[in-house]
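Chains as they are written, first to last, in our numbering: chain C, 1 to 192; chain S, 1 to 192; chain U, 1 to 192; chain R, 1 to 192; chain X, 1 to 192; chain D, 1 to 192.
No wet-lab data here; the hints were simulated from the structure.
Where hints are given, some of them may not hold.
Same chains, same label: a pair holds when it works inside one copy or across any pair of copies.
Said to hold, decoys possible - No farther apart than 16 Å at their CA atoms in a straight line, the calculated lysine to aspartate or glutamate pairs in the EDC-like style are these: (1) Lys178 with Glu135; (2) Lys61 with Glu47; (3) Lys178 with Asp115; (4) Lys61 with Glu133; (5) Lys146 with Asp118; (6) Lys61 with Asp46; (7) Lys146 with Glu133; (8) Lys67 with Asp141; (9) Lys129 with Asp14; (10) Lys146 with Asp125; (11) Lys99 with Asp115; (12) Lys61 with Asp118; (13) Lys67 with Asp19.
Given next are the chains, with one letter for each unit.
Protein chains: 6
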Amino acid sequence: MSDDISRFSIPDLDSLPDDIRERIVGVQERSGFIPNVFLVLARRPDEFRAFFAYHDALMEKESGLTKAEREMIVVATSAANQCHYCVSAHGAILRIRAKNSLIADQIAVNYRKADITDKQRAMLDFAMKVSREAEAVSEADIAELKSHGFTEEDVWDITGVAAFFALSNRMANVSSMKPNAEFYAMGRDLPA
Amino acid sequence: MSDDISRFSIPDLDSLPDDIRERIVGVQERSGFIPNVFLVLARRPDEFRAFFAYHDALMEKESGLTKAEREMIVVATSAANQCHYCVSAHGAILRIRAKNSLIADQIAVNYRKADITDKQRAMLDFAMKVSREAEAVSEADIAELKSHGFTEEDVWDITGVAAFFALSNRMANVSSMKPNAEFYAMGRDLPA
Amino acid sequence: MSDDISRFSIPDLDSLPDDIRERIVGVQERSGFIPNVFLVLARRPDEFRAFFAYHDALMEKESGLTKAEREMIVVATSAANQCHYCVSAHGAILRIRAKNSLIADQIAVNYRKADITDKQRAMLDFAMKVSREAEAVSEADIAELKSHGFTEEDVWDITGVAAFFALSNRMANVSSMKPNAEFYAMGRDLPA
Amino acid sequence: MSDDISRFSIPDLDSLPDDIRERIVGVQERSGFIPNVFLVLARRPDEFRAFFAYHDALMEKESGLTKAEREMIVVATSAANQCHYCVSAHGAILRIRAKNSLIADQIAVNYRKADITDKQRAMLDFAMKVSREAEAVSEADIAELKSHGFTEEDVWDITGVAAFFALSNRMANVSSMKPNAEFYAMGRDLPA
Amino acid sequence: MSDDISRFSIPDLDSLPDDIRERIVGVQERSGFIPNVFLVLARRPDEFRAFFAYHDALMEKESGLTKAEREMIVVATSAANQCHYCVSAHGAILRIRAKNSLIADQIAVNYRKADITDKQRAMLDFAMKVSREAEAVSEADIAELKSHGFTEEDVWDITGVAAFFALSNRMANVSSMKPNAEFYAMGRDLPA
Amino acid sequence: MSDDISRFSIPDLDSLPDDIRERIVGVQERSGFIPNVFLVLARRPDEFRAFFAYHDALMEKESGLTKAEREMIVVATSAANQCHYCVSAHGAILRIRAKNSLIADQIAVNYRKADITDKQRAMLDFAMKVSREAEAVSEADIAELKSHGFTEEDVWDITGVAAFFALSNRMANVSSMKPNAEFYAMGRDLPA
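From just these sequences and the hints, can you work out the full model?
Structure follows, in structure tokens:
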């Protein structure tokens with residue numbers, strides 16, 4: 001397995017703890033390929049387990065935010081953090097979840113100009129503030145979210161997703177985690 | 001013709017001066033659609049003529065930089081300036097000129113991690129400095145470019161492209177110039 | 001002709017295409033000297049022609065903005081971009097067009113404190129946003145301009161001038177274009 | 001239990017899943033008080049479990065970095081992110097682990113002037129770059145770390161700690177997580 | 001006397017002009033130690049005299065701001081300027097003047113989250129703008145202060161304290177002025 | 001006496017303490033006008049005395065830096081801080097002390113392009129770092145200064161001037177201190 005998907009060495013699948021190898025094989029069977037994030041993080045099994053547990057707790061559960069909306073937060077904040085892997089991989093997921101071939105690129109380049117609702121725009125304004133200057137988030141910001149219909153739990157969810165990808169973007173940027181070529185093309189044939 | 005491709009009104013093709021209408025019709029015949037930049041800028045014929053004359057003088061002529069390299073400069077600096085239209089349209093052109101389906105997204109997200117040569121990376125480092133803090137460009141920056149084999153004329157060309165799109169990005173962002181949906185898909189079937 | 005008015009070589013007037021040489025000679029006859037921008041850009045005739053065509057389309061035409069107001073935009077944004085040539089040359093023009101010996105320096109140092117009208121202050125607030133973070137310009141910014149009486153065409157003009165000098169400042173800074181000594185003194189004997 | 005340790009509601013201990021309540025009670029028995037982070041995060045059991053699993057995987061394991069050095073990274077990056085909870089709580093832990101009453105405040109205010117080794121200073125330079133502009137981390141930064149004797153695994157550890165607290169700081173800042181008063185005084189009687 | 005309290009040499013007490021030596025001895029008698037700022041600045045007697053005259057004119061006089069409030073301004077702005085000496089020394093004085101062991105650390109890390117009144121928060125918002133971007137202070141900022149009950153003289157006092165410590169922070173940072181170890185512990189036994 | 005030279009009230013000369021009135025009258029006799037800084041600061045006699053004592057200790061004394069060089073530091077840092085009064089007043093003084101009509105405007109707009117020596121450029125690089133990010137000044141910066149022939153005392157002087165005008169710029173910006181019209185024209189007839 002080539003190391004050039006990361007600045008750090010990649011372990012052999014055979015050398016991995018069973019639970020981690022099984023998760024990776026399961027993803028491969030469902031997706032047709034192994035997203036590189038699984039291979040890059042596998043060298044640290046405990047961190048791997050915590051990372052994906054955290055990811056799933058935020059991204060897979062029921063929420064007042066749709067799964068597409070949560071992916072919008074990932075794409076907007078990861079673009080601001082200039083993270084190759086996250087913009088490519090989650091851009092693909094966003095296209096699929098939103099059933100829209102243009103939305104991910106629009107949000108990555110300048111979410112203020114994307115074809116989204118005013119409520120989604122307010123969600124991304126808040127997520128960007130969490131990502132870029134959380135120290136200045138104030139009650140006024142939260143009141144603004146609530147004026148758009150977001151609940152207390154939604155505020156937590158937006159914060160959680162933006163905060164988790166603050167971690168993820170930094171791991172990917174320092175490790176030079178390379179996105180799989182498959183991601184670039186996924187969902188490109190969906191409607192505009 | 002809907003105005004929603006810009007915050008400003010769009011003129012009827014029939015109302016335009018002949019040379020401008022003919023340029024637009026010519027592009028439409030070659031491309032199969034009218035890139036929105038032509039429609040958005042047409043309301044000011046003199047500015048339109050100067051804009052495209054400047055563009056062509058930089059982007060179409062012979063140069064020590066390949067046409068793909070000049071598009072790399074456009075994509076990298078336009079992404080830093082968060083310009084929807086330029087990243088989408090010139091991302092498409094870059095994919096086609098570089099015959100590579102991944103390069104444009106890589107450069108847009110973080111050019112430092114893109115699959116380009118060291119010389120191209122130095123070109124983009126310089127172009128980004130021109131775009132973002134030209135006031136601090138020094139002889140040392142130019143010596144660095146020359147150490148990679150760039151000539152005096154190449155330095156001018158890199159500067160010219162970055163400077164022209166500093167203008168273009170601002171016009172597109174303030175006018176909320178919308179990229180044509182066609183751009184997103186162009187060149188996606190090229191090799192990775 | 002000494003090259004020290006630019007980091008790049010300066011062509012002989014005799015070697016230039018007729019139209020360019022004639023434009024330069026004409027300026028010299030009217031002004032008593034050749035502003036260096038003509039000499040520095042002349043080495044690229046097509047870019048020269050487009051540059052001055054664009055400049056004249058924005059700065060010389062009829063507009064809802066006075067010529068002095070357009071020069072205010074040039075001086076404010078060029079000062080933010082730390083551009084020697086543009087602050088000196090257009091500072092001189094501003095003093096003359098506004099018939100005021102203090103206004104250019106006031107605007108260059110901190111336009112918020114200059115002796116201008118509230119409407120002009122709003123114009124410069126917008127121009128500075130176009131120059132420094134056009135990606136964040138919103139409908140609210142444009143509504144603010146309109147509340148001061150600016151029309152749709154005025155908004156375009158402010159944007160155009162700020163955008164064109166974003167280009168011009170970058171060319172001047174990278175080429176180390178030196179302002180003619182004449183500019184510093186022009187208009188200094190006007191009223192305060 | 002008062003909510004004023006967070007902007008979000010705090011669950012009753014009795015209402016929590018057993019594993020979470022037991023972890024909290026265990027901490028209380030060892031420390032004499034319940035650090036507020038446990039109470040604030042407990043309202044989301046799955047996120048709680050992943051958060052502390054990740055924390056422990058980075059902070060409690062064997063590493064080429066001492067536990068005090070890992071706390072230095074937490075304090076330096078959390079101060080840059082202006083995070084009350086993390087600077088107070090981990091400042092206390094740093095004082096204790098480094099057996100030094102001054103080190104935490106020194107690192108929080110300006111780590112460049114703290115009484116640490118050159119190697120630790122290089123570690124914090126890198127951690128701050130991960131925290132503040134990970135997109136620009138380059139091979140040269142990693143070579144600099146290695147010139148100070150850090151290994152590949154150490155580089156990962158520094159990155160992991162800085163990245164995890166990028167997440168943690170954002171959760172704490174948005175939730176207005178309040179540090180327990182106990183933290184401010186802990187370790188103040190250690191040697192200078 | 002060791003030089004390691006500053007990058008610059010420290011004069012012998014005996015070599016100093018009488019008025020300066022007497023001021024230093026007086027402080028030592030009252031405090032039990034000589035705060036390093038007196039020793040570091042003493043090498044330039046005229047600057048020393050002006051510095052402390054300015055300090056006392058702002059910090060010791062009657063004012064609409066309490067002495068504790070003036071110290072809040074010092075701590076908040078000095079933390080933003082990452083000044084070891086000022087945060088440590090004035091953090092200690094703030095704890096004592098506010099009779100509160102937590103307030104200084106709270107303000108140093110993120111004054112927006114400190115346990116202070118809304119009026120004090122408005123005071124620090126203004127002081128931070130003076131410290132970090134005084135060029136943008138406007139009548140609206142001053143009206144905001146007055147809406148909280150601050151007078152014209154209070155506005156001057158807030159400005160004066162923030163401006164004086166802009167000077168002081170720069171002298172301390174460039175001279176690597178080291179805070180006395182005594183400061184870290186002072187006022188730590190006060191109520192929370 | 002009109003108040004419009006400041007946002008704050010201006011005292012009557014007759015109401016001032018003798019020493020302050022005499023200093024003001026003396027300046028008026030020598031200069032032909034009263035520089036507004038004297039009138040604006042006079043409302044706080046103790047601060048006035050300390051301000052001018054500090055100013056004179058730095059700017060009037062013997063130093064390894066010429067008086068013109070010290071004024072260069074004032075102009076460069078005051079321009080970065082966008083301070084009307086200081087750029088205008090000290091720009092005039094710089095023209096006179098350097099016997100050069102262009103130097104002040106050159107340094108105010110972009111000191112990197114001014115017609116100064118390499119040693120003066122290094123001095124201004126350092127002064128700008130003191131003014132804008134003193135927290136990051138390191139031994140390497142000081143070694144760079146010394147490599148240009150600056151002594152330990154010169155380093156202190158550069159720091160002192162940059163630090164004092166950090167204070168002065170903030171007072172002038174918040175008070176909206178207006179430069180006298182006389183300053184703009186002074187020294188404009190000197191050689192280029």
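Now for the hints, and whether the structure bears them out:
no.	hint	result
1	Lys178 with Glu135	between (31 Å within a copy, 13 Å between copies)
2	Lys61 with Glu47	between (21 Å within a copy, 11 Å between copies)
3	Lys178 with Asp115	between (28 Å within a copy, 10 Å between copies)
4	Lys61 with Glu133	neither (27 Å within a copy, 31 Å between copies)
5	Lys146 with Asp118	within (13 Å within a copy, 23 Å between copies)
6	Lys61 with Asp46	between (22 Å within a copy, 10 Å between copies)
7	Lys146 with Glu133	neither (20 Å within a copy, 28 Å between copies)
8	Lys67 with Asp141	neither (23 Å within a copy, 33 Å between copies)
9	Lys129 with Asp14	neither (42 Å within a copy, 35 Å between copies)
10	Lys146 with Asp125	within (13 Å within a copy, 25 Å between copies)
11	Lys99 with Asp115	within (13 Å within a copy, 29 Å between copies)
12	Lys61 with Asp118	neither (24 Å within a copy, 39 Å between copies)
13	Lys67 with Asp19	neither (26 Å within a copy, 29 Å between copies)
Violated hints, listed in ascending order, are 4, 7, 8, 9, 12 and 13; each of the other numbered hints is respected by the structure.
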